[in-house]
Amino acid sequence: MNRFLHLFCIALIFYPGQVFSAWDLNMPIGVTDTSQAVYGLHMTIFYICLAIAVVVFGVMFWSIFHHRKSKGAKAKQFHGNVTIEIIWTIIPFVILIAMAVPATSTLVDMYDSTESDIDIQVTGYQWKWHYKYIGEDVDFFSVLATPMEEIENKKKKNPYYLLEVDNALVLPINKKIRFLFTSNDVIHSWWVADLAVKKDAVPGFINESWTRINEPGTYRGQCAELCGKHHGFMPIEVKAVTEPEYQAWLQTQKVANLAVAESAQQEWTMDALMSTGAMVYEKNCAVCHQAEGQGMPPIFPALNGSAIATGEMAEHLNIVVNGKMATAMPAFAKQLSAVDIAAVITYERNAWDNKTGDKVTPAEVQALMGEGL
Amino acid sequence: MSESTATPHHHGPAKGMMRWVLTTNHKDIGTMYLVFALILFFVGGAMAMVIRAELFQPGLQLVQPDFFNQMTTMHGLIMVFGVIMPAFVGLANWQVPLMVGAPDMALPRMNNWSFWLLPFAFTMLLSTLFMDGGAPNFGWTFYAPLSTTYAPPSVTFFIFAIHMMGVSSILGAMNIIVTLFNMRAPGMSLMKMPMFCWSWLITAFLLIAAMPVLAAVVTMMLMDIHFGTSFFNAGGGGDPVLFQHVFWFFAHPEVYILILPAFGVVSQIIPTFARKRLFGHDSMVYAMIAIAVLAFIVWAHHMFTVGMPLGGELFFMYSTMLIAIPTGVKIFNWVSTMFKGSMTFETPMLFAVAFIVLFTIGGFSGLMLAIAPADFQYHDTYFVVAHFHYVLVPGSVFGIMAGVYYWLPKWCGKMYNESLGQLHFWLSLIGVNLTFFPMHFVGLAGMPRRIPDYALQFADFNMLTSVGAFLFGATQLIFLYIVITTVRNGKKAEQVTWEGAEGLEWTIPSPAPYHTFQTPPTVSDK
Chain V
1 MNRFLHLFCI ALIFYPGQVF SAWDLNMPIG VTDTSQAVYG LHMTIFYICL
51 AIAVVVFGVM FWSIFHHRKS KGAKAKQFHG NVTIEIIWTI IPFVILIAMA
101 VPATSTLVDM YDSTESDIDI QVTGYQWKWH YKYIGEDVDF FSVLATPMEE
151 IENKKKKNPY YLLEVDNALV LPINKKIRFL FTSNDVIHSW WVADLAVKKD
201 AVPGFINESW TRINEPGTYR GQCAELCGKH HGFMPIEVKA VTEPEYQAWL
251 QTQKVANLAV AESAQQEWTM DALMSTGAMV YEKNCAVCHQ AEGQGMPPIF
301 PALNGSAIAT GEMAEHLNIV VNGKMATAMP AFAKQLSAVD IAAVITYERN
351 AWDNKTGDKV TPAEVQALMG EGL
Chain S
1 MSESTATPHH HGPAKGMMRW VLTTNHKDIG TMYLVFALIL FFVGGAMAMV
51 IRAELFQPGL QLVQPDFFNQ MTTMHGLIMV FGVIMPAFVG LANWQVPLMV
101 GAPDMALPRM NNWSFWLLPF AFTMLLSTLF MDGGAPNFGW TFYAPLSTTY
151 APPSVTFFIF AIHMMGVSSI LGAMNIIVTL FNMRAPGMSL MKMPMFCWSW
201 LITAFLLIAA MPVLAAVVTM MLMDIHFGTS FFNAGGGGDP VLFQHVFWFF
251 AHPEVYILIL PAFGVVSQII PTFARKRLFG HDSMVYAMIA IAVLAFIVWA
301 HHMFTVGMPL GGELFFMYST MLIAIPTGVK IFNWVSTMFK GSMTFETPML
351 FAVAFIVLFT IGGFSGLMLA IAPADFQYHD TYFVVAHFHY VLVPGSVFGI
401 MAGVYYWLPK WCGKMYNESL GQLHFWLSLI GVNLTFFPMH FVGLAGMPRR
451 IPDYALQFAD FNMLTSVGAF LFGATQLIFL YIVITTVRNG KKAEQVTWEG
501 AEGLEWTIPS PAPYHTFQTP PTVSDK
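Listed in order, the protein sequences are those of chains V and S. 1 is the number of the first residue of the first sequence in the working numbering; add one for each residue after it. 1 is the number of the first residue of the second sequence in the working numbering; add one for each residue after it.
Think of the hints as simulated: they come from the structure by calculation, not from any bench. Just so you know, not all the hints are guaranteed correct.
As the list claims (entries may be wrong) - Calculated pairs, SDA-like style, for lysine to any residue (alpha carbon to alpha carbon, straight line, at most 25 Å):
hint, chain 1, residue 1, chain 2, residue 2
1, V, 74, S, 502
2, V, 71, S, 346
3, V, 283, S, 59
4, V, 324, S, 66
5, S, 340, V, 79
6, V, 76, S, 191
Source: prediction; values computed, not measured.
Given only the sequences and the hints, what does the whole structure look like? Please build it.
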């Protein structure tokens, strides 16, 4: 596919001034064979539509200019002509078949997710993604990394505004990667345009898709299915690297996982818990319960001064660890480490006006989670 | 009111407000539908202005994400159920009896009820904005489980509002079918029926088939929310995707309900101003029937990404592509009607021509969306937003406006100001394209729909879109001004307002008397 020729034609048609950069006008050509095939299909259909438009609108505007009463045109009273009507039914039919053939073969290829090299389970959460490398004992959450100050216009926006995450999905190039999509709450949709992968993550069901990336690089996408108030704030970042780099990255992930598990057994001071807790709170809790714990009643209750955050510790632990049925409050045992849970609970009980002085240690949380609470 | 049955002589409307509450006159009810639609057009439009103001530049400025979602949801619901549908029913109420030579609609009391359900339905829907937890915020497509387990408490009011709208639509549709089948003037066979009536006959059947499905899906939601069922909850053995199948089985016919009457209006207007008969009356009818039948077997093209099996994807891709054929037949017919005509371009004709061009652009993007592998890239982006706004705004809304300019002189006996009408048209045309054309670009470049904030590379086109939206919104105030001044003190309109106009509605004086065709006219063979 000659990308530049296409872009040039589009630019010529729509924007003789070339005010905007080319990337903004059209579908990205992408970095997989699939995405390039899709781009090819897209351009083919576009040109067919353009050709039909030229013919139909050409006749129409020619009539508008020549067959006007003010130019003395007299109406020719003809109507109904079976031959013409059959022709203009058959020609579109033939064009449609010409479109359907390549579309079908591309689709069949996109649906063949067999013989994958790597399987990754992608789970949508309100409002973040969870990636699990099946068979590798590596899994992590991927959360928006753009600071609130940029969203609230208090700081200059960086070039990857709303398209950056804390932990990117790292994938090797030239390997067939199969994605298994599901969701923890509502329907989300995982979309990276450069890979031409968009698939809904449906709670209780598993969808499949696959990709094979040809070039190293960082590819960005967003959740495509309305999933609640922060639907616009759960981006996807894919880092495609070479095979050795991928293996090295897997190793560091495993080592880091071990370190986190061990740190739960260490002594944690109040200050350390509070500072970790503040970070965990901002990433996981603040979207609903708000930065100052004021919440958004009645859907998202306030934590500042709440009965749970200032009352019995066991109750507080229970709701954070197990969540609350039939509400947006998830069970954080599945999402956070014992350290994070201990830190965030300690934070919530001591931040703002909640000066309870309570402290819960990671070891205590780990013990409770082990019992199933 | 009993007097009217006792003495069938000519008399005027009752006096005072009760005239409008108790009326069974198709002209009064038509007027109420149209005024209702116009009011909600500005309510829904104001919400669109909030959306575009927030999207004017990146970052959160005016509203919070949750309120933004409430705005997109209410904007969609109001425009679909409160503006386009009532406006078309209003046109039908006025025009169907006049065009087939009937004295009134077949079921006048039911007609009164089907209108008066609507103000209550929309009062209930709009009242959710002031409830704890806010209005529905899950999009006009209200996908479960976002609209069930995760919905704000006001969802129950939303469900009952939808039920009332559905009852209203079904009653209106039944009335139109009964009128068209039983009350045509002697000599008017079905195939001689005017195109606007044909378009509404087909629309009415679509309504009767589709609206109960909508009622079913919201009832299933109600059961899931309040009575412990699990239709859409996988945890209880249900399936969230079932919601989408049932919803789109309603909503795909629904989008044709929103466009077919506009086809009818345009098919009346183009021959009038080309001073030439419609090229293929019968093939236009068959094309609309084909579109209506196909409407029921294409629903899952809205769901190419939900994880359907390959066979399902292929079936829905092929069936969707087939719709291009009857749609093409309609467009070719309109163009052939204009070809070698003797055209003039008064405001109704301008809107009708713009309808053909811009609806066709919406049709092209529809064809692109039908191609399943490419749809994976288009799905749920601004490309889709561009597509359906092209068919609904310069499609349906321009169709309605064309109809209003075309028949308003007949309704009120006064002529609108042609220069103002043309000003309204040209500003609308510029505004609508400035608003919706750049959406194609941001969609292709990767901007998802229904987001309150976006990445920086979409900023330029979004600003352009917002400017266009403000222009389009402000321009509609001109329309309001035109309608009010015409009704109040327009110049006297002729009985046959337009030189090339044909049909029974032009055989009665302007304004149309309160009672018309008390003795049926005879339609001669021609």
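Tested hints:
no., hint, verdict
1, V:74 - S:502, "17 Å, holds"
2, V:71 - S:346, "16 Å, holds"
3, V:283 - S:59, "19 Å, holds"
4, V:324 - S:66, "21 Å, holds"
5, S:340 - V:79, "11 Å, holds"
6, V:76 - S:191, "23 Å, holds"
Taken one by one, the earlier hints all hold for this structure without exception.
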